[in-house]
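J.: So the chains spell out like this:
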Amino acid sequence: MKQRLSTLMVAAVMTASFAAHAQQPAKKAPPPAKAAAPAKKEGITAEFEKFREVLEEDNPAELFEAKGEDIWKNKKGPGGATMAQCDLGLGAGVVKGAYVQMPRWFADVGQVMDAERRIVHCMVKYLGYKEEDIRKQPFSNDQRTPDHVSVITYVAAQSRNLKIAAPQKHAKEIEAYRIGKEIFAYRAGPYDFSCATCHGDDGKRIRTQDLPNLRKPAEAVKAYQGWPGYRMTGGFMLTQQWRMNDCFRQQRFPEPTYLSDSITALLAYMTVTANGQVYKGPGIKR
Amino acid sequence: MTAMKKTVVCAAAALACSAVLADEIRNYRAEAVAMMKRDFKTRGIATADRVHEDGLQAVCNRTSDNPPKDIAARLERDQLEAVKYPTDGKLMGDWKAGEKLAQSGRGMTWSDKAGVPGGGNCYNCHQISPTETSFGTIGPSLYQFGKIRGNTPEMQKYAYGKIWNAKAFNLCSAMPRFGHAGALTESQIKDLVALLLDPQSPVNSK
Numbered sequence: 001m002k003q004r005l006s007t008l009m010v011a012a013v014m015t016a017s018f019a020a021h022a023q024q025p026a027k028k029a030p031p032p033a034k035a036a037a038p039a040k041k042e043g044i045t046a047e048f049e050k051f052r053e054v055l056e057e058d059n060p061a062e063l064f065e066a067k068g069e070d071i072w073k074n075k076k077g078p079g080g081a082t083m084a085q086c087d088l089g090l091g092a093g094v095v096k097g098a099y100v101q102m103p104r105w106f107a108d109v110g111q112v113m114d115a116e117r118r119i120v121h122c123m124v125k126y127l128g129y130k131e132e133d134i135r136k137q138p139f140s141n142d143q144r145t146p147d148h149v150s151v152i153t154y155v156a157a158q159s160r161n162l163k164i165a166a167p168q169k170h171a172k173e174i175e176a177y178r179i180g181k182e183i184f185a186y187r188a189g190p191y192d193f194s195c196a197t198c199h200g201d202d203g204k205r206i207r208t209q210d211l212p213n214l215r216k217p218a219e220a221v222k223a224y225q226g227w228p229g230y231r232m233t234g235g236f237m238l239t240q241q242w243r244m245n246d247c248f249r250q251q252r253f254p255e256p257t258y259l260s261d262s263i264t265a266l267l268a269y270m271t272v273t274a275n276g277q278v279y280k281g282p283g284i285k286r
Numbered sequence: 001m002t003a004m005k006k007t008v009v010c011a012a013a014a015l016a017c018s019a020v021l022a023d024e025i026r027n028y029r030a031e032a033v034a035m036m037k038r039d040f041k042t043r044g045i046a047t048a049d050r051v052h053e054d055g056l057q058a059v060c061n062r063t064s065d066n067p068p069k070d071i072a073a074r075l076e077r078d079q080l081e082a083v084k085y086p087t088d089g090k091l092m093g094d095w096k097a098g099e100k101l102a103q104s105g106r107g108m109t110w111s112d113k114a115g116v117p118g119g120g121n122c123y124n125c126h127q128i129s130p131t132e133t134s135f136g137t138i139g140p141s142l143y144q145f146g147k148i149r150g151n152t153p154e155m156q157k158y159a160y161g162k163i164w165n166a167k168a169f170n171l172c173s174a175m176p177r178f179g180h181a182g183a184l185t186e187s188q189i190k191d192l193v194a195l196l197l198d199p200q201s202p203v204n205s206k
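Taken in order, these protein sequences are the chains called P and U.
By the numbering used here, the letter at position 171 of the first sequence is numbered 171, and the numbering carries on one by one without gaps.
By the numbering used here, the letter at position 137 of the second sequence is numbered 137, and the numbering carries on one by one without gaps.
Just so you know, the hints here were simulated from the structure itself, not pulled from any lab data.
A virtual CB, placed ideally from N, CA and C, is assigned to each residue, including glycine.
Honestly, I wouldn't trust all of these hints.
[Stated by the list, open to error] Distance condition first, Cα-Cα at most 30 Å in a straight line; then the derived DSS-like pairs of lysine-lysine:
1. Lys-285/P - Lys-147/U
2. Lys-41/U - Lys-130/P
3. Lys-222/P - Lys-136/P
4. Lys-222/P - Lys-84/U
5. Lys-73/P - Lys-216/P
6. Lys-113/U - Lys-136/P
7. Lys-222/P - Lys-41/U
8. Lys-285/P - Lys-84/U
9. Lys-285/P - Lys-100/U
10. Lys-100/U - Lys-113/U
11. Lys-37/U - Lys-130/P
12. Lys-216/P - Lys-69/U
13. Lys-37/U - Lys-113/U
14. Lys-37/U - Lys-136/P
15. Lys-280/P - Lys-216/P
16. Lys-125/P - Lys-113/U
17. Lys-125/P - Lys-41/U
18. Lys-147/U - Lys-84/U
19. Lys-96/P - Lys-76/P
20. Lys-136/P - Lys-172/P
21. Lys-37/U - Lys-169/P
22. Lys-136/P - Lys-100/U
23. Lys-37/U - Lys-172/P
24. Lys-41/U - Lys-172/P
25. Lys-41/U - Lys-113/U
26. Lys-216/P - Lys-84/U
[Unchecked claim] Here are some chain P residues the structure puts well away from chain U; computed CB gaps all over 12 Å:
27. Asn-74
28. Thr-82
29. Glu-131
30. Glu-132
31. Gln-143
32. Ala-196
33. Gly-234
34. Arg-243
35. Arg-249
36. Gly-276
Only chain U is shown next, with the shape it has when bound in the complex (with noise of 0.2 Å):
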């Protein structure tokens, strides 16, 4: 609806419909942003500039992580455009580099150190290998997953995009875009790919 004919309906309830319409019309939203662009500052590698939202990250804030359905499959195209697979054409690494790198939770905060290589924070969210028992529950259990889900050719595919950029599959996902925002490189995302994917690997033992 727009101001305007806001205005008009308002005109009969008059004062309560006042109130009402000054906090819609008002945005909080934007005033919060202005605020953080204020209150933010840069300290070791999380520069001052973290506080401004991209072009996705603006569209899942704007509809509550509840995009429409067709502007969400448009950007997840997009995303999905810009994953860069491996030119060599091999998706899967060692597991056990794999493994190593899921328990780390290091990486982007202040306390890290630039060029340092971080992890992936993967136990933060998943169950993983059966001998990891601290995990947490933000997503769903990744125990099994090659046992289930098989380690063809297009699941190699789908775990190195999903790893090198989330979204490209669900457009606002609470998984990170490890890949699109330079927090994983290529041969350490395939060895995450090993970890959920190989036979070998704890996560499809029995």
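Pulled out of the complex, with its shape left as it was, chain P reads as follows (with noise of 0.2 Å):
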């Protein structure tokens, strides 16, 4: 332990070197001048590469995912309840590979839910946490990482180096997923995008930020692959419900509802498409 922690700090402080580094772009030799695009993972990105390499050999994310434990493991509601009751849909108390067989239907409450909005149903019900309170500020910022999110690294840690395998044997499942793939092309908002205009097509970036082209399973998986996400750059844990909120900013729509049925279809529809590959837990994202 004692071992850990001081290679987490020596990983704090290049964090917030990589951090201070990434806010000025390299600005170096100017691009030929026929370059339309220079040679893929340069620079920062693929500083950042090899900086997450390192990282991820002792993995920040694993202080979140021992509070989540805990929680899960030792918490008692109202009335004495604990996580053991919680059925992830491999039955009550199961965690082991529950995080990569999601979204998927849940006959108790007749929805197809994902992990997030499934381990936050089950915290309301058992541990007594307020739903409101937790809709207020689902996210993590650098003042707070909340309960549930630390409880979903848990939950994603115990499914490490398993296949993804959201199912596709109930009707509303695959109805989800058919669902997930409209909204996931569907163009709107002043700037006409759609997730497709920025994840449609191979190799492409935003600035230095490498795109993946979503529709395609070996890239699909990243928008399970290193989520949940430690942030480099502020020190806190980020899920996929963050990511999708964040994507819709940048698309210039308006506010998805937390745990709502349209990012749960989203999730499926990417989930589903990265079905057979393997997860490698939770990561670490710039």
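Need the complex rebuilt from these two chains, each delivered in its own frame; the hints are there to steer you.
T.: Written out as structure tokens, the structure is:
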């Protein structure tokens, strides 16, 4: 543990220096006259990738994972209920492999739910968390990482190195996938953007950030891989629901309601597209 | 094929076919739109009505950005006719101001303030000046744009019109319609035209 903490501190220092660097994009050599696009993975991206490899050996997400585990195993709600009663789709209290098998149909609520939605549902039902409170500030920032985000990190970590296998058996699971596919391609708003504008082709970038082509299985996995992710430039965890929220912001759309059907459908579309690939667990995002 | 005809064809293949038929008749697109209208809420300047598609968006959405050529040509003409060119006839402003605008990714999100002029987001998608190496690749490189295409009145008019409404030239382009959407003003667009075409602009330096 001591060894781990010291590595984490080194990581934290490196994170700070990376963050400072990230604010001033490399402005070295101008590209040659005809350069339409420089080779991918230049500059900051390459540096980040190298850095992520070092960091992931001793992943700072583990601190949140530990906190989430504590809540899952020890916290008691009104009347002594615990998360051992929470069914993530594989039976009450079963965590291993559950994360990579959502979104899925949950008969008890008559809904398809993604992992974040199901976990919040259970924390409200068994541990007495107030849904309105969670909805008020559902995402982490440099001041706080809410408890449900730690629990998500714990649950996600229990699917590390397992294959993504979102079910497509129940009619409502198929429906969620089909609707999500439509939402992905739907252009609207003042900029006429859809998800596909930025994530529908191979090898594109916004500034130096690579944009995965989320319609292709090999890249759709990026919607899963490394999420929830430790934000290097802030030191907190962000979830898939946050990523969807921020991409809709960039898309110039109004704000999607947290844990709404639209987001579950989008996640179902991307997850099913990525089915069969190995999830490597919570990771690191810039 | 009409639903009627399908039923007849399907009668032969019985069960397997009815599943396919039900699936085809179901309009997931409409269901998705209804769901989004329910789930998306106004935040700041990003009002809930933004999830409603306009006519052009509807055509692109229904044809996977690949509308029939004749329809595209007609709608492009409509878009072009609605472009508002400056009344003073001058199409070029200050390339330095244009460079700043091209750098700025601000504008039209729920975290942007009402009444604050937005930027052009141009570097998010285009290579432009050689000094800026952090650029996106959704659009083509515009480096040397004026040098290659010339700084003629026709080119100025094209560049102005393209930035005002990119869809007037390419109906389902990924590029926003900045003037049409009220995301950039006339004088901002002039500055961007200068960035692309002014012989003094770094875009056209050797």
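J.: For every hint, state whether the structure bears it out.
T.: So, going through the hints one by one against the coordinates:
1. Using a Cα cut-off of 30 Å, the hinted pair Lys-285/P and Lys-147/U is violated, with the two alpha carbons roughly 40 Å apart.
2. Distance check on the hinted pair: Lys-41/U and Lys-130/P sit about 21 Å apart at the alpha-carbon level, within 30 Å; holds.
3. For the proposed pair Lys-222/P and Lys-136/P, the alpha carbon gap of about 28 Å is at most 30 Å, so the pair holds.
4. Taking the CA atoms of Lys-222/P and Lys-84/U, the gap is about 42 Å. The hint is violated against a cut of 30 Å.
5. At roughly 38 Å between alpha-carbon atoms, Lys-73/P and Lys-216/P are farther apart than 30 Å, so this suggested pair is violated.
6. With a CA separation close to 21 Å, the supplied pair Lys-113/U and Lys-136/P stays within the 30 Å bound.
7. For the hint linking Lys-222/P to Lys-41/U, the alpha-carbon distance of about 27 Å falls within 30 Å, and the restraint holds.
8. Among the hinted pairs, Lys-285/P with Lys-84/U is inconsistent with the structure: their alpha-carbon atoms are about 43 Å apart, more than 30 Å.
9. Our distance criterion of 30 Å between C-alpha atoms is met by Lys-285/P and Lys-100/U, whose separation comes to about 28 Å.
10. A C-alpha spacing of about 19 Å is found between Lys-100/U and Lys-113/U, which places the hinted pair at or below 30 Å, so the restraint holds.
11. Of the supplied pair hints, the one linking Lys-37/U and Lys-130/P holds, its CA atoms being roughly 26 Å apart against a limit of 30 Å.
12. For the proposed pair Lys-216/P and Lys-69/U, the alpha carbon gap of about 28 Å is at most 30 Å, so the pair holds.
13. Pair hint Lys-37/U plus Lys-113/U holds up; C-alpha atoms about 24 Å apart against a cutoff of 30 Å.
14. For the hint linking Lys-37/U to Lys-136/P, the alpha-carbon distance of about 21 Å falls within 30 Å, and the restraint holds.
15. The suggested pairing of Lys-280/P with Lys-216/P holds, with an alpha-carbon distance near 19 Å, which does not exceed 30 Å.
16. With a C-alpha separation of about 38 Å, the suggested pairing of Lys-125/P with Lys-113/U is violated against the 30 Å cut-off.
17. At roughly 26 Å between alpha-carbon atoms, Lys-125/P and Lys-41/U fall within 30 Å of each other, so this suggested pair holds.
18. Taking the CA atoms of Lys-147/U and Lys-84/U, the gap is near 26 Å; set against the 30 Å cutoff, the hint holds.
19. For the given pair, Lys-96/P sits about 21 Å from Lys-76/P by alpha-carbon distance, which is consistent with the 30 Å threshold.
20. Using a Cα cut-off of 30 Å, the hinted pair Lys-136/P and Lys-172/P holds, with the two alpha carbons roughly 28 Å apart.
21. For the proposed pair Lys-37/U and Lys-169/P, the alpha carbon gap of about 27 Å is at most 30 Å, so the pair holds.
22. Proposed proximity of Lys-136/P and Lys-100/U is contradicted: the alpha carbons are some 36 Å apart, above 30 Å.
23. With a CA separation close to 20 Å, the supplied pair Lys-37/U and Lys-172/P stays within the 30 Å bound.
24. For the suggested pair Lys-41/U and Lys-172/P, the alpha carbons sit about 24 Å apart, so the restraint of at most 30 Å is met.
25. The hinted pair formed by Lys-41/U and Lys-113/U meets the criterion: a straight-line CA distance of about 17 Å does not exceed 30 Å.
26. Simply put, Lys-216/P and Lys-84/U have alpha-carbon atoms about 40 Å apart, too far for the 30 Å limit, and the pair is violated.
27. Distance check on Asn-74/P: its Cβ is at least 35 Å (rounded) from any Cβ of chain U, clearing the 12 Å threshold; non-interface status holds.
28. A cut-off of 12 Å between C-beta atoms confirms that Thr-82/P is not in contact with chain U; the least separation is 32 Å.
29. No Cβ of chain U comes within 12 Å of the Cβ of Glu-131/P; the nearest lies about 16 Å off, and the non-interface call holds.
30. With a minimum CB-CB distance of about 15 Å to chain U, Glu-132/P clears the 12 Å threshold, and the non-interface call stands.
31. Every Cβ of chain U is farther than 12 Å from the Cβ of Gln-143/P; the closest lies at roughly 17 Å, confirming the non-interface assignment.
32. Not every C-beta of chain U lies more than 12 Å from that of Ala-196/P, the closest at about 8 Å, which undercuts listing it as non-interface.
33. Every CB of chain U is more than 12 Å from the CB of Gly-234/P (nearest about 16 Å), matching its label as outside the interface.
34. Under the 12 Å C-beta cut-off, the non-interface status given to Arg-243/P relative to chain U holds; the minimum distance is some 15 Å.
35. Under the 12 Å C-beta cut-off, the non-interface status given to Arg-249/P relative to chain U is violated; the minimum distance is some 5 Å.
36. Gly-276/P, annotated as away from the interface, keeps every beta carbon of chain U farther than 12 Å; the closest lies near 23 Å.
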